[in-house]
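Engineer: Going line by line, the protein sequences match chains A and B.
Here the working numbering is used: the first residue of the first sequence is 1, the next is one more, and so on.
Here the working numbering is used: the first residue of the second sequence is 316, the next is one more, and so on.
The set of hints was computed from the structure by calculation and includes no laboratory data.
If you want the footprint, here are the derived chain B segments under chain A, 3+ residues with CB under 8 angstroms:
no., region
1, 381-394
2, 402-414
3, 701-709
4, 713-719
5, 731-740
Note that CB positions come from ideal geometry on N, CA and C, so glycine has one too.
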Amino acid sequence: MTTTHAPPGQHTAPHKRSRISLEPYLYLLPHAVLFFVFTVYPIGYGLYISMHRWDLLNSNQQFVGFEFFRNLFTAGTPQFEFFWRTLLNTTFFTVVSVPLLVASALGLAVLLHRPIFGRSFFRAVFFMPGILTVSVMGILWRWMFDNQIGLVNAARDLLTGAAPIPWLSTEGLAWVPIVVGTIWWTLGFNMTLYLAALSNVSVSLYEAASLDGASPWQQFRFITWPMLTPITLFVVITTALASFQLFGQSLTITNGGPSRSTQSVIQYITEEGFTNSQISSAAAMGFVFGLMMLILTGAQFRMMARDVTSSSEGK
Amino acid sequence: MKRFALTLSFALLAASSASAQKVSLTYLHGFTGPDRPVMEGLVKKFNDSHPNIEVKAQAQPWGTTWQQLPALVASGRAPDLVVINEDQITGFVARGAVSPLSDAELKTAGIDKAKFFGPLFKTADYKGKSYGVPISSVAYAMFYNKDLMKKVGLDPNKPPRTRAEFLKAAQLCTVDKNGKNSTQAGFDPKNLDTWGVSLYNNWVGARAAYAAILQNGGSMVNGAQNASFNSPQAVSAVQFLVDLVQKQRVARANSTEEAELAAFSQGKVCMFPSGQWYLDRFETQKMNFGVTFMPRVGGTARDAAWGGSSHLTLPKQPTNYSAAKRKAALEFMAWLAQPEQNLAWTATGSLPTQSAVAKNPKFEKAAISGIFDRLGSVYATSGFPWVGQVMGPFDAAWEAAYLGKKTVTQALNDGVAESNKQIDQARKNFN
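Hey, can you work out the whole structure from these sequences and the hints?
Structural biologist: So, in C-alpha cells, the structure goes:
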C-alpha cells in the first residue's frame, strides 16, 4: 500500500524495501499452509482430545481437564504402571542398541572404505536389509530365534547339544532377537553416512601421520575419529530418536511379551487408543512422550553445536 | 397408431416411475482378501435380481472402518449397511452407532433368528435387542493326525470328546525316542519323539483356555460385565491345561504357534487346537488329518469353543433418513443371510451360519464337517463393550500360566485385577 505514491517504474529505496518484506512470506506460504493444516491443527486438536472424554458418538464431549495426564502420575492406575514400564523398556532398547548401531556402522565403514576386493558388493550386501519392511524383518528374526524350531536353537543343538533356549518367552533374552534384528536391519544406513564422511577426510593427513610413524590404531584414534565427530553426533541423534520410536520390531517379534517386558511405549499407546478405545488417554500419553522427545532432541542439538565448535577449534 | 402411442407413453411412465423408485444403498465391509471377489459376486447377483435396488459395495480394511465409523455416524454420513466383527460389535452398539432391528422389521424382511446357530446370532444382541445378522463365521477347532493316532492304537475315526478320552489319547500319543509312551515306566519326557497336544503362548493359544473355562461353566465377565475369569470354574479348567504341560507332560513347554504348527505339519503331534483357518494349509499338504470340535477338556457343563464372526448391521442414521432405504437395506440383509448365499460364501473358508447350510451334501466329504455337529456351541467374545480390556489381560494371564511364570490362580487373579481397573475407566465413557 505504501508503494502507491511512488511513481510507477521508478525504483526508489522504500519501494524496494516494501517488496522485499512481502516476497519471502509468499515463498513461505505454501509450506506454511501445509504446516498449519498437517502439524499445528492436529496438535491443537490432539490437545483438545486429551483434555476431554472424547467420543464422536457422544452428543457432548465432556471436559476432564488434566485427568488423563494425572493418570500417568497417579500410582495404582494401569497408565501409571504400564506407561512408565514401557518407557523404561524403550529406553533400555535405546541405550543398548544405539552404541551397537553406531560402533558396528563405523567399523564396517572403516573396513569397506579401504580398497579391498569386492568392496561395492559388500557395501550393497550390508545396505540391503534396510529395504525390507519391518514386518518381513520381524517375521524373519522371530523364526530365527523361535523357542523350539529357530535356526539359533538348531545351531546350538548341532554344535553343543544344549537344550533349546526359549528366547521369545524369557524376560531379558527376548531383547536379543529385537536388538540383533534391528542392527542387521538398519546398520546399512549409518554405514553409508560414515562412508561418505570418510571419503571427505584428506589422504594427506594419513600420509603425514604414517611418515611420523603412527600405527593404524593411532591413525584411527587421532585422525579418523576426530574428523568424524560431526557425523557421529548426527548419527547418534538420529539413531537415538529412531530407537525411541521402537514399534514394529517388538510388535512382530515378541508382540511386547513376555508380560510386557519388550513392549515399547508406542505399542502401549496404540493399545490404549485402539484396543482399549481410550483415545483421549492415548492422546495424553502421546503428548507426554512427545515432550520428552523434544527435550531430548533439544539437549542433543545443544551438545552437538558445542562439540562441533570445540572440535573444530581444537584442530 | 393412437394405441401404440398410448402404450408407449405408459411404458415411459412406468420406466420413469421405476427409476424414481430405484433405491441406491452404500455397503461397507472389510472382506479385502481372497474373499473380496466372492462378496462382489454376491452383490452383483443381488443387483441383477433386484432391479429396484442398487447396492454399491466398498471394501476397506476392518481397522479403518472401526476408526471412521464414529465420525461417519456423528456427521450423518454413515453408509446404509456396514459389516462389524464380533469383537467390535458390542462396543459400537453400546455407544449408539448401530440401530436396533425390531422384531417387526425382521419379520417383514423374512429373517428368522431361530434358523441361525443360536450363540452366533446372539453375538450381535445387546440388552435384549438384535443389532445385526451373521454373514460369516470362523471357529476354534481341533485338528488331529489320523496316521499318528492309528500308530499309537487309537481309532482315527473317533476323536476324543470328553476330558478322559482326550487325556488318554494325549498320553498314548506322547512317545519318547525309545518308543515308550507317557504311561509306561522309564518314559523320558526330555527326549520326545511325538507328543499329544499343542499348547502355545500367544492369543490363539489362549483360546484353548477360553474354551475350557466356558466348558466348565465359567465365563469371561459376570452379570455386571466385570472380568470374572478367575472364578473357581475358570481356575480349575485352566489348571487342567497347564497340568498337561507340567504334570502329564503331554504338551511342550515354552512353545510358540509357529513351532506347534510346524510340528503338526511334520506329524510330530497328535492334536493341534487352533483356528480353522489352517484347514487350507493341511489340505494343500495332503495330510491325513481330521477336524473335530474342541473336546470338553475344561469340564462337563457344556460344549464350547471360541468363534469369530462378521455381522451385517444398519448404522444409526439422521432422523430424516428415508424409510425406503431402510426397507431396501433390510431386504439386502435378509437376502445375503439366506442359505443359498451363505453356501456360496462358505467358499471363502467361512463356516455355515445356519444348520440348513451345514446339512448341504457338499460338506459330506469335507474335513471341516467334523465340527458341524456342535456349531451351536461356538461362543464369540461379545456381549460386553470392553472386549479389549478383558481379552488383553486374559491372553497375558494365559501366557504367564502356560509358561509357568505364575501359578494359574495368581495369573488369573492378576489378569482380572488389571482388567477390572481398565473396565472402571472405560465405563466412564458410557455415562
